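J.: In order, the protein sequence lines correspond to chains V and R. All letters in the first sequence, in the order written, are residues 4 to 83 by the numbering used here. All letters in the second sequence, in the order written, are residues 746 to 1031 by the numbering used here.
No wet-lab data here; the hints were simulated from the structure. Each hint should be verified, as a subset may be incorrect.
Stated by the list, open to error - Chain V is faced by these chain R residues, among others (derived, beta-carbon under 10 Å):
{"#": "1", "residue": "A764"}
{"#": "2", "residue": "L790"}
{"#": "3", "residue": "A812"}
{"#": "4", "residue": "V824"}
What the hints assert, rightly or not - Across the chosen pairs, the derived CB separations fall in these ranges:
{"#": "5", "chain 1": "R", "residue 1": "A920", "chain 2": "V", "residue 2": "R28", "range": "34 to 40 Å"}
{"#": "6", "chain 1": "R", "residue 1": "F833", "chain 2": "V", "residue 2": "R28", "range": "17 to 23 Å"}
{"#": "7", "chain 1": "V", "residue 1": "P83", "chain 2": "R", "residue 2": "G771", "range": "55 to 61 Å"}
{"#": "8", "chain 1": "R", "residue 1": "S985", "chain 2": "V", "residue 2": "R48", "range": "41 to 47 Å"}
{"#": "9", "chain 1": "V", "residue 1": "E21", "chain 2": "R", "residue 2": "A826", "range": "29 to 35 Å"}
{"#": "10", "chain 1": "R", "residue 1": "L1008", "chain 2": "V", "residue 2": "R48", "range": "39 to 45 Å"}
{"#": "11", "chain 1": "R", "residue 1": "R951", "chain 2": "V", "residue 2": "P42", "range": "32 to 38 Å"}
{"#": "12", "chain 1": "V", "residue 1": "A56", "chain 2": "R", "residue 2": "A782", "range": "16 to 22 Å"}
Note that the structure is a prediction, hence the values are computed from the model and not measured. Backbone N, C-alpha and C fix where the C-beta goes; we use that ideal spot for every residue, glycine too.
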Amino acid sequence: MDATELFASAGRLDGYDEVLRARARLVALHGEQLRWRSPAAIRFRAELDEVVADLTLAATGTAALADRIRIHAGRVADSP
Amino acid sequence: MSGSGSTVVVTGGADGIAAHVEDFLGLAALLRTTGTAVDDELAALGAASLDWALLTTETADPAGAAAIRADLATLIAGVHAVATRLAFLGFELVTAAVSYRATEQQVGASFLHRLGAALRPGGSVNLVAAAAHLSEGELLYTVPRELACVLPDGRPVLHDLGSDDSVAGVLPPRALSDLIVDLSARNQGRPGEISVSVVVGSDGRRRAIVDIPGTKSWNPAPVTDVTSVGTDVIAIAGRSTSYERGIFAALDDAGIGPDTDVLLVGHSEGGIVAVDAARDAASSGR
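Given the sequences, and given the hints that come with them, work out the whole structure.
T.: Structure, rendered in structure tokens:
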């Protein structure tokens, strides 16, 4: 049993976590700069905020998954 | 705009339809690429190799491997859902951009078509044919200037309606809000109805307040209403209108001369006419 691939996967997930957060920030920034003012714009912004929150949530899930994989990899490495 | 041998096209602006459309399309492109990217990047993480690693190591930690598989499935489903929503929002923005453009063209074409129909036969400006090629700036500035030369305007006829015993007519305004309330009351009146109120200040000086309501008739064909949309076009072009000349006639009729301070309070078309009247009064010295 080799934990190497598990640690490598966890590392890739760390990178993905950062990418998701950066993309969430970029979408939020561009959304804030939209000059659209109307009831439809208010509705759209609310949806955009939800998507940004979803992206951030996915990033948090990614980080948690990476931690879980590292714990598993540690147990694998310690097992006889 | 050009410089250093290259051409730069400047569109949009701080506000307006073109700026909105550019905003929409820019953000739509970002949302679309973000949605595709988060999906592709997730695929590039190598879920298959992680699966294989879990398969070969799960005997050491079966519960941990199962939890990882469950978390991974949740993450993949969540990212797919976000990617779909991003694509949908991008599509929504593109739809809004198309709708804005179509509405702009329809409103512009309809407005000009109706105004064009009201023009005298053989008028010097073929606006209907040009409508499809007009920019927002042309619609706002060039078209009114051209139309103002050919739209009929007529002359004002003054009808004295007597004293106004309503609250707006009796109580002198004490604040800006009072002026707005009075103007709002006057807006409910008949087409062409304005008011000239004379107030005497604590210094004993007489001053006049003129309430000038907005457009009452939206029919672009020639009408006898001095507050018609034709007046809008002529006033926007900065030309003297029957409405404006009617204001001066009413001031004369009320005995308001050049030595009396006059406050012109206008709503919409009334505001445009007020600006034109103030400018013309200042330049003529009245």
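J.: Taking the hints in turn, state whether each one holds.
T.: Hint check:
no. : hint                           : result
1   : A764                           : 6 Å, holds
2   : L790                           : 5 Å, holds
3   : A812                           : 6 Å, holds
4   : V824                           : 5 Å, holds
5   : R/A920 with V/R28: 34 to 40 Å  : 46 Å, violated
6   : R/F833 with V/R28: 17 to 23 Å  : 21 Å, holds
7   : V/P83 with R/G771: 55 to 61 Å  : 58 Å, holds
8   : R/S985 with V/R48: 41 to 47 Å  : 45 Å, holds
9   : V/E21 with R/A826: 29 to 35 Å  : 21 Å, violated
10  : R/L1008 with V/R48: 39 to 45 Å : 41 Å, holds
11  : R/R951 with V/P42: 32 to 38 Å  : 47 Å, violated
12  : V/A56 with R/A782: 16 to 22 Å  : 18 Å, holds
Taken one by one, the earlier hints fail for this structure at numbers 5, 9, 11, listed in ascending order.
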